[in-house]
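Undergrad: In case you want the letters, here they are:
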Amino acid sequence: MPRIDIDAPGTSVLLLGNEAIARGALEAGVAFASSYPGNPSSEILETIVTVATERNIHAEWSVNEKVALEAAAGASFAGIRAMASMKQNGLNVASDFVSNLVMTGVGKGLVLVVCDDPGSLSSSSELDTRNLCKWMDIPLLEPSNSQEAKDMTKWAFDLSEELGTICMVHSVSRISHTRTNVKLGELPKTENKAYFTDIYDINKPGRGKFTTIAGPAELHNQLHQKLARALDKFESSPFNQYTGPDKAELLVITSGACVAYSAEAIAELKLENKVGVLKLGTTWPLPEKFVEKQLARSQKVLFVEEVDPFIERSVMELAANLPADSPHLTFYGKRSGHIRQYADLNPDLAANAIANIMGITYCPRDVHYDEEATELAKASPLRSLELCPGCPHRGTFWAIKEALRLDGRDGFAIGDVGCYSLGGFRSGYYQCRISNVMGSGAGISNGMGNLRQFGFDQPVIAVCGDSTFYHASVPALISAVYNKANFILMILDNSATAMTGFQPHPGTGKNAMGEITNIVDMETLCRSLGAHVDVCDSFDIKNTIATLLRLMAEGDGSKVVVMRHECELLRARREKKRPYQVHVDPDKCIGEACGCDRLCTREFGCPGLIWDKEAGKSKIDESVCSGCGLCVDVCPQGAIIKEAV
Amino acid sequence: MKVRGSKELLEEIIGSGLCVYCGACSGGCPYLAPYKGRVVLLHNCALSQGQCYQYCPQTYTDMDELSQQIFGVPYGQDEIGVARETLLARSTNAEIREKGQDGGVVTTILSLALDEGLIDCAVTSRMSVDKTPAGFLARNQEELLKCSTTSYEASPVLEAYNRIPKQSTEKLGVVGLPCQVRALAKMKAYPPENRVNVNNIKLVVGIFCGWALLPAEFHQFLTENYDLSQVVKFDIPHHPEHTFDVYTKSGKKSIEINEVRKFINPACSYCPDMVAEFADISVGSGRHKYKGWNTVIVRTKTGAELMELAKAKAALECQPLPDENLINLKQAALRKKKRALANIVAKTGSKKNLLYLGVSPALVNKLLT
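These protein sequence lines are chains L and H, in that order. Mind the numbering: the first sequence is residues 4 to 648 in my numbering, read in order. Mind the numbering: the second sequence is residues 853 to 1221 in my numbering, read in order.
Hints were generated in silico from the structure; no laboratory data involved. Please read all numbers here as calculations on a predicted model, not as lab measurements. Yeah, the Cβ is synthetic: ideal placement off N, Cα and C, and Gly gets one too. Watch out, some of these pointers could steer you wrong.
Reference listing, derived: stretches of chain H covered by chain L, where coverage requires no fewer than 3 residues with Cβ under 8 Å from a Cβ of chain L [as the list claims (entries may be wrong)]:
hint : region
1    : 880-887
2    : 892-906
3    : 1037-1051
Build the full structure now, drawing on both the sequences and the hints.
TA: The structure is reproduced here in structure tokens:
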């Protein structure tokens, strides 16, 4: 990662979209940055952290996105430019506050950066958060490369102050995680002083500026006026550009990552002279006059955008109000089925749509090759998401599986978001039967804990991670205690927000800056809430099973089991060596014979174990095995040997 | 017989109300585990044939084959099986007698076998503090005494046997109910693989059994009515008494036997073996005026040698089994056989389908008349 505080305006640097966003915030003089880890947004805060000390910026991982935005708003109200960044799911968590923030307005510039994950490669849902801007009246900027990511973020702070409202920069995985050249701007040398001016004035008593109760409707009206002013600015924004022939056979309207896909598709099809591209960067409110002018270039319009027909519908609305004698426009996009309304796009999909509309054939590769390649792909084994070798969750889910089987009352587990989401996959033995948003595991199972009167007696085990616990599960635990639910919560404490990149959290004792900080001790917290707490080691399967069986048999009350064992990747990075050298003794391994039937490779399934079909024995894959030794306890023949290194 | 796998074991036996919770299917692999009265499949075993099915006493059992293997005679010639000698016996050791169910004979002969090095380890059933029975490995008299008296519940002793490391060379004595003794006989006929060597078993002691109680349900009943940590012994005195007695440190409480009969394992109604016919020595309680004595049936050369040793060392006090007692014993044993056959045929609807029982049609007809 290059230093993003290089003081060399005009220099070109290769930056990730997220790094560029961070740089843009720096160039705007941001002094408060808050976030919660979430792919594809995490690097934004991580990048700011690298320069925070030198540039006197407060950078933090907040406990969740709502608090992150509230914290940033606090800074903004007190006269400090602030930025909150998150993924699409995080926006949902923050949205209650957003809906009020748009009413109150802001102090100094407040920018909300939301990074969507089209294709939901790392998310539990697929959402196009641009819609929130339409819903809650927020000026929206969509960068199409790292340069724009920087420039738009920088501008967003000025815009926010000029308009007096929060502004959103919308990114997607492809923008956030692609590197393109960025010409750097100037870094401000301002000193930031925080002071909240709107205190009670004894001479002129009156309501605070940043309150919303009783009167939001009028504030809503004022908000619309702010958006009208934004519209004015957007009409002449350089972020909206047309490229192509004066009159085009087809006008492609696009934004974000799709700008590049469209350009590549048109070049591939060699249609630069026939197909024009209207690239939009300010997409809410839509710069209507500007767009109207571009619509005159063609009678065919194709919308190339990801997930929702956000621009498509806005333009269609616009078109519905064109003068009666305007040329008839044919729209192509999601409504026509030319562009899919889910998952991410790519140049191929854009090319297919354009070719179809233009009536030409698009055959990117030889038909025979295509057939052969498709056939060959079928032979590729289905590769599931897997827990890492050495992951403590493997021990936890193995114990959950056996405990539920022994208990015999059709019990099940409910999980949610994190590495332990794999509890619902083969790697976690399909134990988590329900999985939704952060903290929903606890919430849902707490609800099921109050179904006694309907004859419900299946044991339910809620599973959450350590970071998720602080983020979202605590209210569910409080509710369970308060409403006397039968409630068992396993907190998988691997000392990290692992799934998103091992960021620290309130239980780890370190903050985003790497400084030592207060630990919010989860056992103490849970006990103080009135829950009974047990602590187990995820690698001690026997004890975990015994604990779970006892808790399930007891039935009533709220119980927490902290499964404590460090994430293997953290441990490996720090210790730089395996704890054990593990191997399978082929003389002891009985493989497929009765008494084992390949338990380690067929059922337990750690990626570090492989089945040697010819020899009929299991083997350790030395390049994958982490040397944790958990499989040693699982082997029924004692054929797996671990030797301390 | 067609040996099948765990899937079929679960369907045909465990899921069909035929499981006697003997433990023969468990302990030798990570897939099956006995827990609170149920045999649980922990993970999915994909084998189409398994030792769990093979040694289960409730899967097809050729009784003649087993009888020939152990005694060299066909099955069914005597109501109480092969009997070299029948007698009454009791321990000469006061502590053993005091802690025993009746005469303490099982504890005595196992203790003797351990002392003489005939066995290194006894596989028996032991009750926990809350009176849950499970398999236990005893290596001296002190440990054996912890196994004294019965819970009357099915106890998965053979799981403990199966768990013994396969490289172990310890000589073993195993105590079991008739169903467990039958499972051991199957193991001897078809020695297991990847497990402790069945030839390590030097002695099999069988316990007389009319029926066993369902562990989970009966235990629930007991917990609701008694402080089990205070209980020292359970006993069912013989007919015409009709109680189930619970001895605590402060005295005896009696339950109507019919209250307890509700908890009889239904699988027991298909069992024809009251006296553990395939054991070396079978032991039951003495009746009426022989309360405090055990009825003993010596079956094999091994059993006979051990009994001789016990007499020679004066570890046991013995007397001949009175004719009246022998007659009653045979009648009781025959009644159980007849009842079992009748129940089996009622369940299957055909004399040709005897569930697991492989006996000659002639014997079937004899028992059904």
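Undergrad: State for each hint whether it applies.
TA: A quick look at each hint next to the structure:
1. 880-887: holds (count 6)
2. 892-906: holds (count 12)
3. 1037-1051: holds (count 3)
Figure legend: structure checked against the earlier numbered hints; every hint is met.
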